[in-house]
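Undergrad: Okay, here's what each chain looks like letter by letter:
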Amino acid sequence: MITPKRALITASFLVSIAIALFEHASVPLSSQFYLDLTQYYGFISLALLYLVLLPGPFYRLFPNAPFSIAHRAYLSGLGISTFYFALLHSTVAFWGLLEGFAGIPYLPGPYFWAMIFGFLALLILAALAGTSFDYMRIKLGKNWKRLHRTVYAGAFLVVAHTAMAGSHFQSLGAFIPTFWMVIFFALVLMHAILLNRLLSAKYPQYSWLFFPVIIALVILFGLFILNFLHTYAHGAHQH
Amino acid sequence: MLTARTSISLLIAAALFALPLAASAHVLKTSGTMGIVLHLDPEDEPQAGVVTPIYLAFKDTAGRFKFSECDCRMYIAPYAQKDSIDTSKASDAFLHTHGGDELNADATFVFPKPDVYALEVVGTPKDGSSFTPFTVLYDVRVATYGSNAISPVASFFKGHALHFVIFGGGFLFFLAAVLYDRRKAKPISQ
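Order-wise, the sequence lines are chains A and B.
Residues in the first sequence are numbered from 1 upward in steps of one, following our numbering.
Residues in the second sequence are numbered from 240 upward in steps of one, following our numbering.
Derived by calculation from the structure, the hints in this document are not laboratory data.
Among the clues, some could well be false.
Stated by the list, open to error - For each label pair, taking beta carbons as the anchor points, the in silico distance ranges come out as: (1) A/Ile138 to B/Lys305: 56 to 64 Å; (2) B/Phe403 to A/Val218: 16 to 24 Å; (3) B/Tyr419 to A/Thr150: 38 to 46 Å; (4) A/Leu140 to B/Gly339: 47 to 55 Å; (5) B/Asp354 to A/Tyr152: 39 to 47 Å; (6) B/Ser369 to A/Asn227: 52 to 60 Å; (7) A/Leu120 to B/Arg303: 52 to 60 Å; (8) A/Ala47 to B/Ser368: 25 to 33 Å; (9) B/Lys423 to A/Tyr232: 19 to 27 Å; (10) B/Ser368 to A/Gly56: 41 to 49 Å; (11) B/Asp331 to A/Leu209: 37 to 45 Å; (12) A/Gly222 to B/Arg303: 34 to 42 Å.
Said to hold, decoys possible - One side of the interface only, derived from the structure: several residues of chain A facing chain B at Cβ under 8 Å: (13) Pro4; (14) Leu97; (15) Glu99; (16) Gly103; (17) Tyr111; (18) Leu189; (19) Ile193.
Cβ coordinates follow ideal geometry from the N, Cα and C atoms, glycine included.
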């Protein structure tokens with residue numbers, strides 16, 4: 001039976017093959033072939049991760065928006081596809097661009113850390129993709145939800161990895177990084193609003209401004225960390 | 240029939256398909272104790288006819304390399320001539336440090352036309368012994384001609400103003416949402 005999950009996984013597989021074949025035909029040169037594949041697979045994985053992360057806060061804020069129930073059938077397929085493209089991205093980059101295990105000691109500091117962040121994110125995505133089946137959901141019970149909340153840690157690592165190592169993220173003022181900054185920040189703000197609702201309902205004794213200020217400071221701290229990592233990776237020479 | 244098991248098998252097959260048989264690097268190249276990562280603007284897809292910024296990040300596993308102590312030269316030639324590059328002449332693209340940073344250097348170069356180029360970086364210690372000499376060779380594809388014109392909009396967006404708009408606007412939106420929540424919540428709390 002063709003379920004949304006199977007359709008998404010199959011589509012991911014076919015798209016990945018199509019990209020590889022198209023690139024192989026248009027870029028016979030090996031290094032540029034790997035570089036292009038790394039970029040394509042990385043971007044697709046990032047976009048899929050965003051699609052996985054978006055419905056949760058969005059439908060809690062706007063419960064009457066269209067597809068508020070229907071989208072659920074696609075989430076696990078999107079999650080598996082996110083991991084699939086992240087795995088392809090990592091594999092091609094590691095063996096094709098970074099000389100594999102032999103290259104690790106030679107990686108300059110920022111690239112080394114970018115790779116570690118990416119690897120940790122890949123482990124998280126693997127754990128989530130591996131437990132995204134009904135069987136595991138039932139088996140893990142309460143812990144399933146806890147485990148799947150680590151997607152936010154994974155997302156932060158992915159964003160840090162992208163800001164540090166992404167070919168398109170050297171100069172943050174260009175269109176592509178600006179676009180990603182806007183949509184990811186919108187996601188963070190949706191979570192901020194929901195978290196504020198939750199905390200101010202739970203602790204009504206605090207001033208109405210207390211939690212918004214704390215949340216804003218936490219977000220600013222996160223932005224500061226990302227900016228620090230970006231500057232560490234690319235130097236302060238460019239904007 | 241397309242079952243979950245078939246789908247997963249297909250995914251694993253695709254992942255194996257993507258495993259390159261031979262490791263050929265573009266970003267990282269190694270020579271002796273040196274590892275050098277190359278980045279070209281824009282987005283590792285350089286364009287012909289315009290100034291291309293080239294960035295190098297160095298890592299010496301022996302920890303002895305310092306850019307200021309290196310006679311580092313960069314040579315760029317059509318890829319077909321990669322084996323006959325004359326490394327005794329002056330650099331084709333002059334390498335200089337980023338604000339005194341000993342492990343990062345940059346250069347600029349104008350690729351004359353779309354082509355595949357060999358980009359060779361040769362480093363020898365000025366004092367003859369402070370680090371191990373190295374030579375690394377990258378292949379660089381220049382696919383298109385670039386446009387010289389940088390629009391005023393682009394230069395504005397390249398500044399920090401946009402970041403203030405995104406994050407400042409975002410925080411204002413957050414505050415507005417909090418105030419909206421508060422107004423809505425009031426009748427319940429009273």
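Undergrad: State, for the Cβ atoms of A/Gly222 and B/Arg303, whether the hinted interval 34 to 42 Å holds or is violated.
TA: holds (37 Å)
Undergrad: Let's test the interface hint: is any C-beta of chain B closer than 8 Å to that of A/Leu189?
TA: With Cβ-Cβ at 5 Å, under 8 Å, it holds.
Undergrad: Could you tell me whether the CB distance from A/Ala47 to B/Ser368 stays inside 25 to 33 Å?
TA: Distance hint for A/Ala47, B/Ser368 is violated at roughly 51 Å.
Undergrad: Hint says 41 to 49 Å; check whether the CB-CB distance for B/Ser368 and A/Gly56 agrees.
TA: violated (60 Å)
Undergrad: Taking the closest Cβ pair, is A/Gly103 under 8 Å from chain B?
TA: holds (5 Å)
Undergrad: At the C-beta level, are B/Tyr419 and A/Thr150 separated by a distance inside 38 to 46 Å?
TA: violated (31 Å)
Undergrad: Hey, does the A/Glu99 contact hint survive, CB to chain B under 8 Å?
TA: holds (5 Å)
Undergrad: Holds or violated: the 39 to 47 Å window for the beta-carbon distance between B/Asp354 and A/Tyr152?
TA: Holds, at about 45 Å.
Undergrad: Take a look at whether the Cβ-Cβ distance between B/Ser369 and A/Asn227 falls inside 52 to 60 Å.
TA: violated (35 Å)
Undergrad: Determine whether the Cβ-Cβ distance between B/Asp331 and A/Leu209 falls within the hinted range of 37 to 45 Å.
TA: violated (60 Å)
Undergrad: Holds or violated: is the Cβ of A/Ile193 closer than 8 Å to a Cβ in chain B?
TA: holds (5 Å)
Undergrad: Restraint: A/Tyr111 near chain B, CB-CB cut 8 Å. Satisfied or not?
TA: holds (6 Å)
Consistency note: the structure conflicts with the earlier hints numbered 3, 6, 7, 8, 9, 10, 11, 13.
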